[in-house]
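Residues 9 to 348 in my numbering are what the sequence shown lists, from first letter to last.
If you're looking for bench data, these hints aren't it; they were derived computationally from the structure. Idealized CB from N, CA, C, for every residue including glycine. Any given hint might turn out to be false.
To be verified - Ranges of calculated distance between the beta carbons of each label pair, as one might list FRET restraints:
{"#": "1", "residue 1": "304", "residue 2": "339", "range": "13 to 23 angstroms"}
{"#": "2", "residue 1": "93", "residue 2": "51", "range": "21 to 31 angstroms"}
{"#": "3", "residue 1": "219", "residue 2": "94", "range": "19 to 29 angstroms"}
{"#": "4", "residue 1": "276", "residue 2": "242", "range": "21 to 31 angstroms"}
{"#": "5", "residue 1": "248", "residue 2": "307", "range": "23 to 33 angstroms"}
{"#": "6", "residue 1": "94", "residue 2": "47", "range": "31 to 41 angstroms"}
{"#": "7", "residue 1": "235", "residue 2": "337", "range": "21 to 31 angstroms"}
{"#": "8", "residue 1": "95", "residue 2": "343", "range": "42 to 52 angstroms"}
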Amino acid sequence: MRLTQLAPAYLKSAPPPGKALTLSFNDNALLPMLLGEHDRHLVRIEQGLGVRLACRGNRLAITGEAGAVAAAEATLRGLWQRLERGEAVASCDVDAAIRLLGASEDEPRLPLSDLPAIRTKRGAVGPRSPGQTAYMEILGRHEMVFALGPAGTGKTYLAVAQAVAMLLAGRVERIVLCRPAVEAGERLGFLPGDLKEKIDPYLRPLYDALHDMMPGDQVLRRMGTGEIEVAPLAFMRGRTLAHAFVILDEAQNTTEAQMKMFLTRMGEGTRMVVTGDLTQIDLPPGIRSGLRDAVETLEGVSGIGFARFNTRDVVRHPLVGRIVDAYDQRAAAARELPHR
Numbered sequence: 009m010r011l012t013q014l015a016p017a018y019l020k021s022a023p024p025p026g027k028a029l030t031l032s033f034n035d036n037a038l039l040p041m042l043l044g045e046h047d048r049h050l051v052r053i054e055q056g057l058g059v060r061l062a063c064r065g066n067r068l069a070i071t072g073e074a075g076a077v078a079a080a081e082a083t084l085r086g087l088w089q090r091l092e093r094g095e096a097v098a099s100c101d102v103d104a105a106i107r108l109l110g111a112s113e114d115e116p117r118l119p120l121s122d123l124p125a126i127r128t129k130r131g132a133v134g135p136r137s138p139g140q141t142a143y144m145e146i147l148g149r150h151e152m153v154f155a156l157g158p159a160g161t162g163k164t165y166l167a168v169a170q171a172v173a174m175l176l177a178g179r180v181e182r183i184v185l186c187r188p189a190v191e192a193g194e195r196l197g198f199l200p201g202d203l204k205e206k207i208d209p210y211l212r213p214l215y216d217a218l219h220d221m222m223p224g225d226q227v228l229r230r231m232g233t234g235e236i237e238v239a240p241l242a243f244m245r246g247r248t249l250a251h252a253f254v255i256l257d258e259a260q261n262t263t264e265a266q267m268k269m270f271l272t273r274m275g276e277g278t279r280m281v282v283t284g285d286l287t288q289i290d291l292p293p294g295i296r297s298g299l300r301d302a303v304e305t306l307e308g309v310s311g312i313g314f315a316r317f318n319t320r321d322v323v324r325h326p327l328v329g330r331i332v333d334a335y336d337q338r339a340a341a342a343r344e345l346p347h348r
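Throw the hints in and build the complete structure from the sequences for me.
Structural data, given as structure tokens:
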């Protein structure tokens with residue numbers, strides 16, 4: 009029998025509350041995985057939460073401000089529970105735990121074990137940021153959802169996960185994924201191959217998300233039977249989509265007419281998710297984004313949910329969030345300059 013079944017995985021010491029805390033771990037085989045190679049996981053927690061961590065033997069001391077110490081303890085506890093369940097802990101998992109448990113008071117802050125999860129055949133997909141936690145709850149409650157925010161926040165990935173979970177559970181009969189082919193524009197005709205071969209590279213992010221949720225042979229088989237469809241937005245015109253989970257990605261590049269056309273395709277038993285980033289609009293000058301128009305028109309309409317992400321929800325490399333911040337700051341500074 010494993011030692012962790014006989015005693016708590018960690019024990020608190022009793023130093024002054026809010027200033028210092030010592031955890032004691034009783035499984036020396038798992039402890040190196042918690043610390044990371046050359047203690048890299050501890051370094052990430054120190055930098056992310058503003059605490060000091062010191063490990064000696066099987067004891068780990070945390071010092072810092074009361075709130076930061078509590079967040080670090082919860083982060084380490086959640087990561088340890090992952091290891092006890094036989095799951096790996098990589099740098100991205102440490103970053104996710106920091107984002108979730110180091111959240112500000114006005115953001116969702118649940119214990120890692122209580123966070124929502126989307127079940128697929130490749131396993132459970134859980135949130136990696138406070139914004140993702142709220143988004144997953146909105147996906148479960150609303151028939152139509154708008155997800156707005158910068159790249160790398162998981163808007164499309166989690167929507168595809170929810171679509172796959174509902175398809176596997178028999179709650180929808182098919183999945184329809186689409187994008188407006190705006191960026192390709194007139195250049196599309198210069199690409200080699202037939203229409204499918206021209207469009208497929210542009211839709212590749214949707215294929216990639218599908219393959220993360222289901223075995224490749226299942227994706228191909230379901231696409232062959234029509235249970236999964238990936239197509240440009242233009243292919244939606246004139247259709248009524250019933251008992252389907254429909255996702256419109258990169259919706260900031262729709263026109264007002266295209267967005268209205270898409271939203272009115274909704275039929276009985278259908279769920280719709282619209283994702284986009286209003287700071288990355290590629291429409292020609294003078295054409296208003298259909299996503300911006302829809303948000304302004306539909307906010308407050310019963311049955312429609314809105315999820316908004318910010319740079320703290322970026323779950324790619326930590327540099328991505330800082331890059332987005334830098335561009336936002338430069339754009340804000342440019343708006344404040346006097347017009348010449």
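Just pull the numbers of the violated hints for me, sorted ascending.
Going through the list in order, the structure violates hints 6, 7 and respects the others.
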